[in-house]
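Each chain, written out:
There are 2 protein chains.
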Amino acid sequence: MTSLWFPVSQTLYLRDPLSSLLGRRILMESVRLIDELGFEHFTFKKLADAINSTEASVYRYFENKHRLLLYLIDWYWLWLDYRFSIVIQNLVNPAERLKACLRVLLSEELPGIYSEGLDPKALKRLVMAEFEKTYLTKQVDRDNKEGVFIPYKAVCKKLAAMVLEINPKFPFPHTLMNTVLLSATHQLFYAEHLPSLTDIKFNPHHHDRQLEEFLKLLIFKTIEP
Amino acid sequence: MTSLWFPVSQTLYLRDPLSSLLGRRILMESVRLIDELGFEHFTFKKLADAINSTEASVYRYFENKHRLLLYLIDWYWLWLDYRFSIVIQNLVNPAERLKACLRVLLSEELPGIYSEGLDPKALKRLVMAEFEKTYLTKQVDRDNKEGVFIPYKAVCKKLAAMVLEINPKFPFPHTLMNTVLLSATHQLFYAEHLPSLTDIKFNPHHHDRQLEEFLKLLIFKTIEP
DNA sequence: TCGTTTATGAAAGTAATACTATCATTTTAT
DNA sequence: ATAAAATGATAGTATTACTTTCATAAACGA
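These protein sequences, in sequence, are chains A and B.
Quick note on numbering: the first sequence equals residues 12 to 236 in our numbering.
Quick note on numbering: the second sequence equals residues 12 to 236 in our numbering.
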């Protein structure tokens, strides 16, 4: 089994899900199920049934479904970060680097994370729909102290650094990149479900290009001195 | 009792909460409680206890807590829209109008919605923390058909129209204003809880000015021809 | 003022959720 | 071969998200 292993924070699990077949089945099936049912209707019972295991067994890996969600989402951002590092390897111009990262962020061509099993498109949809719910909670400070938002912060920081390379005087690099990341994860959701909120037309083959155009405009016009 | 009545969609309630004292107490106390507990830990039982009523009575007004949340949030956007219409009344220049709306959006000086009872700051925090959860669900299309997102769409549309008045050729007015609205509702949350994601410093007396500066930059640089 | 809707309260009940605990069995590691 | 660890099976608890029923109180209309 080909795998990309990412150092997801150990505080997120009780037993490492990558260390066993059952653990990996929990990860793969939970991505599928959360994407299908939505996080609020996803339960460990349903997950256990789907993988022919039991609730008790799932609870041995993850304390609760919130932590499992954090795990999956951290994984997504680590994976994105990894793909960023690959595409910028051969580019020296910071503006080119930023554009390349933007393309990776928006790309609909997603390689499998495991050669089989985990569905990267489902994971991306899951992040789009559920990411904000992970920190818009009353436990955000506790979770944050444990470092569960580090992977997202790292992505944001990396992009912000590129912005500063382009214009070292720009005063809001993190705020801007954070805004861009959230907009990127949401606009396609709007295009599909609340089209009057966006000018991007829902069209699986072209909307990512429109979104790319918008975000490039937004970033490069805003940061120019 | 001085009140600003807004035509919140009738599909959101079973019995009009503005029509009785109990109904108004439900609204006021639910704002307080959701702000205090967060939406996931808010229950009709707790609400009923807080107003010395019963679960059954609350259910006679709202089908479930999701609908109650939608009601409160719709109310917020209707109220914002109303404040927009007031500040732009005496302004003719579209750029000035847009800036004035931005100030209203970010302003921390919030008049009471009812002379007593409903806490507007708590309502604003509630919208910041919970708004996205109302549409990032599997029922978004059903809810949308019922018109429950109309007030937010109206705000977005109004701002987008101002953008087009400034630059009729700008191709993404809705996408941009939607992005701005979301950023505005989130950045102060970041400043407080996840400061490394933003350059805005948490400081109750100044952060809204910093955010205003960022958003003005973002909007006016992006839309200039 | 009487009678009748209508709103609320009180209490009980149900199905699902989010866990926890116990113990037997299987798998794995030594 | 034996001990340790992982899993399955089953049961149990507290809470949530409702629904139902019935009694009482307030409001309202003739």
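Please keep in mind that the hints were generated in silico from the structure rather than gathered at the bench.
Just so it is clear, CB atoms sit at the ideal spot from N, CA and C, and this is done for glycine as well.
Wrong hints could be hidden among the right ones.
Below, simulated DSSO-like cross-link-like pairs (lysine-lysine); rule was C-alpha separation at most 27 Å, straight line [said to hold, decoys possible]:
#  : chain 1 : residue 1 : chain 2 : residue 2
1  : B       : K156      : B       : K76
2  : A       : K227      : B       : K110
3  : B       : K144      : A       : K212
4  : B       : K149      : A       : K57
5  : B       : K56       : A       : K144
6  : A       : K232      : B       : K212
7  : A       : K227      : B       : K227
8  : A       : K232      : A       : K168
9  : B       : K227      : A       : K132
10 : B       : K76       : B       : K180
Stretch by stretch, here's where chain A covers chain B in the computed footprint (C-beta under 8 Å, at least three residues) [stated by the list, open to error]:
#  : stretch
11 : 46 to 55
12 : 93 to 105
13 : 150 to 160
For each hint, the structure was consulted:
Under the criterion of a C-alpha separation no larger than 27 Å, the hint pairing B/K156 with B/K76 is consistent with the structure, at around 19 Å. Using a Cα cut-off of 27 Å, the hinted pair A/K227 and B/K110 holds, with the two alpha carbons roughly 24 Å apart. Note on B/K144 and A/K212: the hinted pairing holds, with a Cα-Cα distance of about 23 Å set against a maximum of 27 Å. For the hint linking B/K149 to A/K57, the alpha-carbon distance of about 17 Å falls within 27 Å, and the restraint holds.
Straight-line distance between C-alpha atoms of B/K56 and A/K144 comes to about 23 Å, which keeps the hinted pair within the 27 Å bound. A distance of roughly 24 Å separates the Cα atoms of A/K232 and B/K212; the hinted pair therefore holds under the 27 Å criterion. Using a Cα cut-off of 27 Å, the hinted pair A/K227 and B/K227 holds, with the two alpha carbons roughly 18 Å apart. Simply put, A/K232 and A/K168 have alpha-carbon atoms about 20 Å apart, close enough for the 27 Å limit, and the pair holds.
At roughly 35 Å between alpha-carbon atoms, B/K227 and A/K132 are farther apart than 27 Å, so this suggested pair is violated. Our distance criterion of 27 Å between C-alpha atoms is broken by B/K76 and B/K180, whose separation comes to about 42 Å. Under a criterion of three residues with beta carbons nearer than 8 Å to beta carbons of chain A, the stated coverage of the stretch 46 to 55 of chain B is upheld, 4 such residues being counted. As drawn, the stretch 93 to 105 of chain B meets chain A at 0 residues by the rule of a beta-carbon pair under 8 Å; below three, the given contact is violated.
Coverage of the stretch 150 to 160 of chain B by chain A holds. Counting CB-CB distances below 8 Å, 4 residues qualify, and the rule asks for three or more.
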